[in-house]
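Position chain B against the provided structure of chain A, taking the given hints into account.
Heads up: the sequence lines are chains A and B, in that order.
Position in the first sequence counted from 1, then plus 257, gives you the numbering used here.
Position in the second sequence counted from 1, then plus 257, gives you the numbering used here.
Since the hints were made in silico from the structure, they are not lab data.
Everything numeric in this text was worked out from a predicted model, so none of it was measured.
Among the hints, erroneous ones may be present.
Repeated chains share a single entry, so a pair holds when one copy, or any two copies, can fit it.
With a Cα cut of at most 16 Å, we get these calculated EDC-like pairs of lysine to aspartate or glutamate [unchecked claim]:
1. 433 / 511
2. 557 / 416
3. 332 / 318
4. 514 / 413
5. 550 / 611
6. 514 / 416
7. 441 / 318
8. 433 / 357
9. 550 / 610
10. 433 / 359
11. 550 / 494
12. 550 / 608
13. 550 / 357
14. 441 / 291
15. 441 / 413
16. 320 / 376
17. 433 / 406
18. 550 / 526
Protein chains: 2
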Amino acid sequence: MRLHAVILAGGRGERFWPLSRRARPKQFLPLLGDRPMLAHTLERIQGLVDPRDLWIVTSRDLKSQAESIAPQVPKRQVIGEPVGRNTAPAMALASWLIQDGDDSVVAVLPSDHRIEPQDRFREELRRAAETSFSRNAIVTFGVPPTRPETGYGYIETGDPIAPGSPFHRVSAFREKPDAAAAAKYVADGRHLWNAGMFVFPPRLLLEEIRAHEPRISAALEPVPRDLASRGAEKAIEGFYEKAPSISIDYAVMERSKDALVARAGFSWDDLGSWEAIGAPGSRDAQGNVAVGKVLLLDSKDVIAFSEGGLVAGVGLHDLIIVRTADATLVVRRDRAQDVRAIVERLKARGDLDEFL
Amino acid sequence: MRLHAVILAGGRGERFWPLSRRARPKQFLPLLGDRPMLAHTLERIQGLVDPRDLWIVTSRDLKSQAESIAPQVPKRQVIGEPVGRNTAPAMALASWLIQDGDDSVVAVLPSDHRIEPQDRFREELRRAAETSFSRNAIVTFGVPPTRPETGYGYIETGDPIAPGSPFHRVSAFREKPDAAAAAKYVADGRHLWNAGMFVFPPRLLLEEIRAHEPRISAALEPVPRDLASRGAEKAIEGFYEKAPSISIDYAVMERSKDALVARAGFSWDDLGSWEAIGAPGSRDAQGNVAVGKVLLLDSKDVIAFSEGGLVAGVGLHDLIIVRTADATLVVRRDRAQDVRAIVERLKARGDLDEFL
Numbered sequence: 258m259r260l261h262a263v264i265l266a267g268g269r270g271e272r273f274w275p276l277s278r279r280a281r282p283k284q285f286l287p288l289l290g291d292r293p294m295l296a297h298t299l300e301r302i303q304g305l306v307d308p309r310d311l312w313i314v315t316s317r318d319l320k321s322q323a324e325s326i327a328p329q330v331p332k333r334q335v336i337g338e339p340v341g342r343n344t345a346p347a348m349a350l351a352s353w354l355i356q357d358g359d360d361s362v363v364a365v366l367p368s369d370h371r372i373e374p375q376d377r378f379r380e381e382l383r384r385a386a387e388t389s390f391s392r393n394a395i396v397t398f399g400v401p402p403t404r405p406e407t408g409y410g411y412i413e414t415g416d417p418i419a420p421g422s423p424f425h426r427v428s429a430f431r432e433k434p435d436a437a438a439a440a441k442y443v444a445d446g447r448h449l450w451n452a453g454m455f456v457f458p459p460r461l462l463l464e465e466i467r468a469h470e471p472r473i474s475a476a477l478e479p480v481p482r483d484l485a486s487r488g489a490e491k492a493i494e495g496f497y498e499k500a501p502s503i504s505i506d507y508a509v510m511e512r513s514k515d516a517l518v519a520r521a522g523f524s525w526d527d528l529g530s531w532e533a534i535g536a537p538g539s540r541d542a543q544g545n546v547a548v549g550k551v552l553l554l555d556s557k558d559v560i561a562f563s564e565g566g567l568v569a570g571v572g573l574h575d576l577i578i579v580r581t582a583d584a585t586l587v588v589r590r591d592r593a594q595d596v597r598a599i600v601e602r603l604k605a606r607g608d609l610d611e612f613l
Numbered sequence: 258m259r260l261h262a263v264i265l266a267g268g269r270g271e272r273f274w275p276l277s278r279r280a281r282p283k284q285f286l287p288l289l290g291d292r293p294m295l296a297h298t299l300e301r302i303q304g305l306v307d308p309r310d311l312w313i314v315t316s317r318d319l320k321s322q323a324e325s326i327a328p329q330v331p332k333r334q335v336i337g338e339p340v341g342r343n344t345a346p347a348m349a350l351a352s353w354l355i356q357d358g359d360d361s362v363v364a365v366l367p368s369d370h371r372i373e374p375q376d377r378f379r380e381e382l383r384r385a386a387e388t389s390f391s392r393n394a395i396v397t398f399g400v401p402p403t404r405p406e407t408g409y410g411y412i413e414t415g416d417p418i419a420p421g422s423p424f425h426r427v428s429a430f431r432e433k434p435d436a437a438a439a440a441k442y443v444a445d446g447r448h449l450w451n452a453g454m455f456v457f458p459p460r461l462l463l464e465e466i467r468a469h470e471p472r473i474s475a476a477l478e479p480v481p482r483d484l485a486s487r488g489a490e491k492a493i494e495g496f497y498e499k500a501p502s503i504s505i506d507y508a509v510m511e512r513s514k515d516a517l518v519a520r521a522g523f524s525w526d527d528l529g530s531w532e533a534i535g536a537p538g539s540r541d542a543q544g545n546v547a548v549g550k551v552l553l554l555d556s557k558d559v560i561a562f563s564e565g566g567l568v569a570g571v572g573l574h575d576l577i578i579v580r581t582a583d584a585t586l587v588v589r590r591d592r593a594q595d596v597r598a599i600v601e602r603l604k605a606r607g608d609l610d611e612f613l
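Bound-form chain A, shown alone (with noise of 0.2 Å):
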């Protein structure tokens, strides 16, 4: 078996402000430390996966970033895509180009996630890798939910393959559910965060895009398998010309026969907000968490994050503070979501542009 894994670094997002802008989203932020999430997210991998078989999706105007913080990834692996689709076209054709030789499988992986211990994640993966092979499966990864989260999708899990496994059928796939919903699926102990993590032999995902979505086994049709190959580019764009949006849970998991749910045994979290920065396990004695030059005086629960100079703070709780080269962000932390309002007031005012 080769595992392949392909990262998923497309998204933008702007509730990370000011640290995230139009030409540097969250994937490419240092958001746990000193190395963007991009890099942690190949890290994490390392020693698992050979470097030639890293693939990178990003869109086509961060394409040379991503190249810059993934420097081991072979350039032609790295996809610019010229119009994001979703998950669903990015995974075929990846499969599409990966899928030469029979004992190959793909691990498909956000780049923006917090995941750890990064062993225990390894370890889970090549095991998540074996099944997937040995079962001809496609497995995602399900996260026991630690609190009744609305923004995240989730999976019902059956039975499990054996007695014990963490393996276990896929009973469906739940979208983002209400207070009420979530608070139900939290208390009854069958469903899992759906992590958006995805791992399958790539002959069997282009067989369930064909059985399922045949416009874009369609669109693949004409791109070459081998990416060195005279026209691959212009080949790959109008691919994504044709090719409908639509997510891979969407497209395959919800219809799936093939599909397993591994039951996570690392911490996961897909870090939606300035926030998530401040999970309980870095918060210091006082409920405080800093990354970065920061000097706290009598102050509890404060997430302050600087990514160059310094952040000092006396008297304070329950704020969020980022400081980045050119702008500074104080919100409360039960606001941490209207960040989304200043980028918003930032565009309407026209005067600031050069802050977004």
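Just chain B now, with coordinates in the frame of chain A:
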């Protein structure tokens, strides 16, 4: 009458960290907008004092900085003190160097206070100079207190020199009072804040110094009246070595029979902390004060100061936020004085010396 101005610009002060630094004290900071306080101070007397009659007394290591902020002041008249000796020696030295001509009057003005409106101040200063000259008196300014401030000295007024005149005889100088005394001072209507400004004929001040602080007079003797003379710089150095460190209030004002106090009609603030930046007059409808690029949403009673980049806030109240090129301070408004604690902590830590 010829009015000379001596601007005192030797202060240090850590209360405006991170904007104020070892090498950039309050008087060199653009606390009230885009120009340093010292520049505002000079602007305030423009048209009243001829540029060749402008003097600045600062510390030696700040001299070149003062010169670049105040290019209109003759370079020779920017005195860099080798060591700080409080106000009496500085004022005696300036008087010594200025005294040529029987029609001279000197106004000594701190460089780091807020005074508004400018034209009113200019007019009152002009009248103070005339009164000082015609009565051969040392005139000081007293500001009607608007709160029981314990951080200021007070002047108890005696009778006006003429019915309805703003010029009063001085009953007593009061050092910084405790809260109870301050409350009494505000209530009795006879006490004014000592604004640290003095207007006097230089010969009179030298006479008073000779009478009350002969050590200062003696130290002055070797100093040539003409700064262009050979050895003048060396002589000034010798003066500062010998002169005792003493305030003009203590050395002269409390003992002089020729002191008058002018009841000020302008508003005045010595800007003792970031909190002072939020004076009622500068607030918007939500009580927010913004200096520089600031964007506040759903916030009230916030003082936000940006030297360069953008400061953005959501859902905040009663905070001071200061952003400089290399640091961001966030402090609760009622803790503004504790900014000093940050500076102390920086000194203690050692690894963050660059921010001192």
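**Q.** Status of residue 511 relative to residue 433 across identical chains (alpha carbons, at most 16 Å)
**A.** within (14 Å within a copy, 77 Å between copies)
(Q) For residue 557 and residue 416, with the copy left unspecified, which applies at a CA distance of at most 16 Å: within, between, both, or neither? (A) neither (44 Å within a copy, 55 Å between copies)
Q: Using 16 Å as the alpha carbon limit, work out where residue 550 and residue 357 are close: within a copy, between copies, both or neither.
A: neither (48 Å within a copy, 56 Å between copies)
**Q.** Within, between, both or neither, where residue 514 and residue 416 count as close if Cα-Cα is 16 Å or less
**A.** within (14 Å within a copy, 100 Å between copies)
Q: Could you figure out if residue 550 and residue 608 sit no more than 16 Å apart (CA to CA) within one copy, between two copies, both or neither?
A: Intra 30 Å, inter 10 Å, cutoff 16 Å: inter-copy only.
Q.
One pair to classify: residue 550 and residue 526, alpha carbons no more than 16 Å apart. Within, between, both, or neither?
A. For residue 550 and residue 526, the Cα distance exceeds 16 Å both inside one copy (24 Å) and across copies (34 Å).
Q: Indicate which option fits the pair residue 441, residue 291 if close means a Cα-Cα distance not exceeding 16 Å: within, between, both or neither.
A: neither (38 Å within a copy, 57 Å between copies)
Q | Copy assignment of residue 320 with residue 376, given that the CA separation must stay at most 16 Å | A | Answer is neither; intra-copy 29 Å and inter-copy 60 Å both fail.
Q.
Within, between, both or neither: how does the pair residue 514, residue 413 come out at a Cα-Cα threshold of 16 Å?
A. For residue 514 and residue 413, only the intra-copy Cα distance (15 Å) is at most 16 Å; the inter-copy one is 93 Å.
**Q.** 16 Å Cα threshold - placement of residue 610 relative to residue 550
**A.** Close across copies (12 Å), not inside one copy (27 Å); limit 16 Å.
Q: Measure nothing new, just compare the shortest in-copy and cross-copy C-alpha distances for residue 441 and residue 318 to 16 Å and report within, between, both or neither.
A: Answer is neither: 42 Å inside a copy and 69 Å across each miss the 16 Å cutoff.
Q.
Reference check for the pair residue 433 and residue 357, CA-CA at most 16 Å: within, between, both, or neither?
A. The answer is neither: 36 Å in one copy and 85 Å across copies each exceed 16 Å.
Going through the hint list in order, the structure does not satisfy hints 2, 7, 8, 10, 11, 13, 14, 16 and 18.
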